[in-house]
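Using the working numbering, the letters of the sequence shown map in sequence onto residues 800 to 972.
Keep in mind that a hint or two might mislead.
[What the hints assert, rightly or not] Derived Cβ-Cβ restraints for the label pairs, each shown as a range: (1) 900 / 811: 18 to 26 Å; (2) 831 / 940: 19 to 27 Å; (3) 845 / 934: 19 to 27 Å; (4) 920 / 891: 20 to 28 Å; (5) 848 / 920: 14 to 22 Å.
Rather than coming from a laboratory, the hints here were simulated on the basis of the structure.
Note that beta-carbon positions come from the ideal geometry of N, C-alpha and C, so glycine has one too.
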Amino acid sequence: MSLNQATVSSLQPINIVYSQWDFRAFREGQVTVVQDETLLLLSERPNDDWATVRKLSKPGAKSPSSGLVPKSYLKPKAQAFRGYALYTYKPDSAECVRMFIGRKVSVYTTLGEWVLVKLDGTGRGTESVGYVLKSYVKRFDDTNDVCHCMTINVLPLTPNVNSLEGILGPFCS
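From just these sequences and the hints, can you work out the full model?
Okay, structure coming up:
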């Protein structure tokens with residue numbers, strides 16, 4: 800049950816989970832977690848009782864702790880809310896995820912100006928879980944995953960208004 804830290808640091812998260820109970824690491828390669836702690840699931844093998852996780856930290860912060868925990872201690876974390884990308888986000892650190900404008904996301908937790916998201920529709924696990932700036936995500940209303948566009952009345956241009964920019968504002972409210 801040895802865990803190579805160089806290998807772990809290169810793994811991309813495949814899911815967002817939480818610990819149902821406290822677990823105190825008792826061997827090298829394991830990581831201590833507390834009940835209800837949100838974690839990034841890095842890998843799990845079907846015939847193994849252990850999963851590799853990484854603790855949360857803000858993007859660019861000191862490398863967070865990673866290691867093995869009993870798989871039976873982990874449960875998928877429920878999303879806090881659903882939303883979509885207002886802007887394209889290009890990651891500048893390994894903890895962040897590339898997100899294109901209009902992409903639907905599930906938001907799980909907030910750390911300062913960052914939100915931890917899982918992008919819809921990737922299904923591969925690679926680059927589908929990570930942080931983006933909170934201001935780049937717009938929350939859907941509580942009834943469905945649809946952006947409700949406003950009705951726009953186009954006004955004639957006047958000498959004081961030489962473009963529609965600013966009049967229309969954001970198309971989605």
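Status of the hints after comparison with the structure:
no., hint, result
1, 900 / 811: 18 to 26 Å, "holds, 22 Å"
2, 831 / 940: 19 to 27 Å, "violated, 40 Å"
3, 845 / 934: 19 to 27 Å, "violated, 39 Å"
4, 920 / 891: 20 to 28 Å, "holds, 24 Å"
5, 848 / 920: 14 to 22 Å, "violated, 31 Å"
Of the numbered hints listed earlier, those contradicted by the structure are 2, 3 and 5.
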